[in-house]
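*Asks:* Construct the entire structure; sequences and hints are all you get.
Here are the chains, one letter per residue:
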Amino acid sequence: MTRKVAIVGIGYTGCRPLTAEVSYKELVYEAAVKAYEDAGLDPRRDVDSFVTVAEDFIEGTSIFDEYTPDQLGGMLKPNVTIPGEGIHGLATAYLQIASGLVDVVVVEAHSKASNVLTLPHITAYAMDPVYNRPLQANPIFIAGMEMNRYMWATGATQEQCAQVVVKNKRCALYNPTAAYGANLEIDDVLAAEMVAYPLGRQEISPHADGAVVLVLAAGEVAESLTDLPIWIRGIGWCNDAPSLETRGWGRAIYAEGAGKMAYQMAGIRNPMEEIDFAELDDTYAYKELQHLEALGFCQFGEAGILTAEGVTEPGGALPVNVSGGNLGCGHLLDAAGLRAVVEVVLQLRGEAGSHQLPDVETGLAFGWRGLPSTSGAVVILSN
Amino acid sequence: MMTAQIKEFPGVGLRESDFEQRKVLYTEWVPNARYAWDAGVAIGRYLAELKEGRLIGVRCRHCRRTVIPPRVFCEWCFRPMDEWVPLPDTGTVNTFSLCYVTWDMRRLTEPEIPAVIDIDGTHPPVGILHLLGEVEPQAVQIGMRVQAVWKPPEERTGSILDIRYFRPVREG
Ligand SMILES: [Zn+2]
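Chains A and B, in that order, are what the protein sequence lines are.
First residue of the first sequence? That's 718 in our numbering, and the numbers climb one at a time after it.
First residue of the second sequence? That's 22 in our numbering, and the numbers climb one at a time after it.
A hint or two may mislead.
Between beta-carbon pairs, the in silico distance windows are [as the list claims (entries may be wrong)]: (1) Y784/A <-> K172/B: 41 to 47 Å; (2) E783/A <-> E73/B: 39 to 45 Å; (3) G34/B <-> R918/A: 52 to 58 Å; (4) L129/B <-> M982/A: 55 to 61 Å; (5) K72/B <-> R918/A: 36 to 42 Å; (6) R918/A <-> T48/B: 45 to 51 Å; (7) L150/B <-> L735/A: 27 to 33 Å.
Partial list, computed: chain A residues near chain B (C-beta under 8 Å) [unchecked claim]: (8) V739; (9) G777; (10) I780; (11) G790; (12) V833; (13) H838; (14) I839; (15) A843; (16) V938.
From chain B, some residues computed to sit far from chain A (all C-beta separations above 12 Å) [said to hold, decoys possible]: (17) N53; (18) E70; (19) R92; (20) E96; (21) L129; (22) I134; (23) I163.
None of these hints come from the bench; they were simulated from the model.
Heads up, the beta-carbon is just placed ideally off N, CA and C, and yes, glycines get one too.
*Replies:* Here it is in structure tokens:
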């Protein structure tokens, strides 16, 4: 019998293109202080364990896990760092509590993307050193190939992909923590320079700096801390074949697997009926369409049509990325999924301000690990 | 099975020359990983003071510690630090080593002497990592009093290398 687990505290900095005024430790500290105030906890006294999600090659420091405790208040306590999507870290924290090991766990992820001067080279270094890397191609072509196959397989159009950009960047105008809000038309998106056919410049989410800290607690502790615990009802993660030669190019199979795991745990049979809104990875515009289908909100090939019909607009039947998503907020690298979780928590608490959705009870956040990965993680939350 | 009992190992052994002559799978890639870390408030002030030939720490009124290098928050108390504290460039050797290999693995006959120097005025004593100089390696001792040797102002860049090394204080 696993224990119930809730998110009882959230802290985050805004997503900004640059954060030259603070170090990464100072950025994380800001988010952490806010999260502990939100949870009503003293980290030195009340938190049992700390999980950080970070990648050495992004941080520019090997054995980065040595650098995590101070800014979280985690000194002299259990700390662990995992590389992965932020929601993988949330799953790790969830397991520590659900298993009965500890009662209160903090999970943190951050982005100082602006500090990585050679980010495309870092991504290239993730490619297979024997089969792929010698070609010396910018890995963005992977997104181009995936989008191409996806549109071929589904009949989704360039206009439908562009509609995702228009929607998400417009939503971002109503989110004070988003960095890249804009009022664009579909033609503006289609007229942007081609980066890796058929993927254009405006369909690629720009990077941002920022930090996210979440506080998780076991059921009875959560209820003693807050009147508004946000319950983790389902959590799942999955990897497709990583090889560029054998992976499924049209479908986001990793998201199908992650969704299946989380839906089973949450007892959800019809996502469109039982989930009120979603924050889905939109690192590239077509990814939002792929992920909508993979997570069972519609059939394969229907997401573009639903998007064109406005179903995923803030006023539609299934608002998607009302925060602005990665396209509108800015992509926080491994913290992107936790930024999506923050949005779901705010909506479920009724604290989303000018972009609050009415009457929401259940939301879903999905994070993709980024190029060249076929790795994703999802969480389903309810108030 | 004990290794000594094996007369002939299975498989084919590899020699360094096999790699040099590329008789085995060989691939080479020089990672292009460059970063520009934002120094932020604490490190930024630390480096700016170094450029002026000064050390600076911070004090937490809650746990009454004075520490160097500075940070904006106290990691013990998880609250903001209260004040900047100018510190002298003198201290005491907390620990040291005599290192006979360089960072890139060249052998040295005269060792480098990395040391943690507990800076005067910190409480409880905490140190900065640096090198010792103007001292015979065999004469270095834990507890030894040392002082920073600074580069001339026009050569300083805002780096820990603005201190060349610490040398023994010649007292009296
Ligand atoms: Zn303190």
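*Asks:* Beyond 12 Å on every Cβ pair: is that true for L129/B relative to chain A?
*Replies:* holds (24 Å)
*Asks:* Does A843/A pass the interface check with chain B, least Cβ-Cβ distance below 8 Å?
*Replies:* With a closest approach of 11 Å, the A843/A hint is violated.
*Asks:* Is the hinted range of 41 to 47 Å satisfied by the C-beta distance from Y784/A to K172/B?
*Replies:* Between Y784/A and K172/B, where Cβ atoms are some 28 Å apart, the hint is violated.
*Asks:* Would you check whether V938/A satisfies its interface hint, that is, whether its CB is within less than 8 Å of any CB in chain B?
*Replies:* violated (20 Å)
*Asks:* At the C-beta level, are L129/B and M982/A separated by a distance inside 55 to 61 Å?
*Replies:* holds (59 Å)
*Asks:* Min Cβ distance, V739/A to chain B: is it shorter than 8 Å?
*Replies:* holds (4 Å)
*Asks:* Under 8 Å is the threshold here; is the Cβ of I839/A close enough to any Cβ of chain B for the hint to stand?
*Replies:* Hint on I839/A: holds, closest Cβ of chain B at ~6 Å, below 8 Å.
*Asks:* Is the Cβ of N53/B farther than 12 Å from every Cβ of chain A?
*Replies:* violated (4 Å)
*Asks:* Determine whether the Cβ-Cβ distance between L150/B and L735/A falls within the hinted range of 27 to 33 Å.
*Replies:* holds (30 Å)
*Asks:* Quick check for students: does the CB of E70/B sit more than 12 Å from each CB in chain A?
*Replies:* Non-interface label stands for E70/B: nearest chain A Cβ at 16 Å, farther than 12 Å.
*Asks:* Does the beta carbon distance between E783/A and E73/B stay inside 39 to 45 Å, or does it fall outside?
*Replies:* violated (30 Å)
*Asks:* So the hint says 36 to 42 Å: do the beta-carbon atoms of K72/B and R918/A match that?
*Replies:* Since the Cβ atoms of K72/B and R918/A sit about 41 Å apart, the hinted range of 36 to 42 Å holds.
Of the numbered hints listed earlier, those contradicted by the structure are 1, 2, 6, 10, 15, 16, 17, 19 and 20.
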